[in-house]
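When you get a sec, could you build the whole thing from the sequences and use the hints?
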Amino acid sequence: MRGRIIRGIAGFYYVLTADGETYACRARGIFRKNGMKPLVGDEVEFSVTDPKDMEGSVDEILPRKSELLRPAVANVDQALLLFAVKSPDPNFQLMDRFLIQMKSRGLSVLICFNKTDLAEPSDIEALREYTAQTACRSLFLCAKTGEGIEEVLRELGGKTTALAGPSGAGKSTLINRLCPEAAMETGAVSAKTERGKHTTRHAELLTAGSDTFLVDTPGFSSLLLPEIKKEELRDYYPEFAPFEEECRFLRCSHVGEKDCGVKRALEKGLIHEERYRNYVMFYGELSKQN
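Residues in the sequence shown are numbered from 1 upward in steps of one, following this note's numbering.
Because the hints were derived from the structure by calculation, they are not lab data. If you're wondering where the values come from, they're calculated on a predicted model, not measured in any experiment.
In the EDC-like style, the derived pairs of lysine to aspartate or glutamate whose C-alpha atoms are separated by at most 16 Å in a straight line are:
{"no.": "1", "residue 1": "Lys268", "residue 2": "Glu246"}
{"no.": "2", "residue 1": "Lys37", "residue 2": "Glu67"}
{"no.": "3", "residue 1": "Lys258", "residue 2": "Glu244"}
{"no.": "4", "residue 1": "Lys86", "residue 2": "Asp123"}
{"no.": "5", "residue 1": "Lys288", "residue 2": "Glu232"}
{"no.": "6", "residue 1": "Lys258", "residue 2": "Glu245"}
{"no.": "7", "residue 1": "Lys263", "residue 2": "Glu245"}
{"no.": "8", "residue 1": "Lys263", "residue 2": "Glu244"}
{"no.": "9", "residue 1": "Lys268", "residue 2": "Glu239"}
Here it is in structure tokens:
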């Protein structure tokens, strides 16, 4: 049989089949021998060992199209980064770190701002100006009232999306809106494994529609930059590209050089000042690592 691992807890891998049934499977020893481990999100082939108790054995892991390390999950199509408009205020440094992380893994990012009920129009306009330079789509919503949820669902349709964001952004409330059966499904697994109620200590796939999944991930308050060279950092700032041909030096770093098209664009207000400050900070961090 074939299915997809939606959860891994206490040595069990819960495999969801196309007909909607979930089997609790153990992984064959051959995976450990070969240095492999099944991941949430893996497409697998498995054998049923106990039809009555819906148990089985994972026999083969099918080729992965993507893989994240934190959280450990496979076959993600995109990431949804959730911040609150207010309470707490968005951390742009954290946002930019996340965008670099995801782009380094070849994933597109949807940026969502929650708690619009707390925002003034000027707050939303400022966030639109910032995210416009990231080349990422941004959406505004209120998970508490349901405002904007339909638009988010359209962006998620038919994809597997990693949902991430700092504590306090309202991630749990959004999950309850997008995946109303999540608590019920988690309860069944808790009974099986004699574990407590749902937490986000484990990555898991939550169903948000037909062939549509969310990867619930732990909240974060800091992120390390990926292992890239400092010379590559500018490639993660799409707003620099239109002005780089005006730089005097080929492969200009846009930090120490005087005759720099990007710096001139910054002075004219064509590049967001805080985005550029974060770039300089990250460039310094990578200079120490490289």
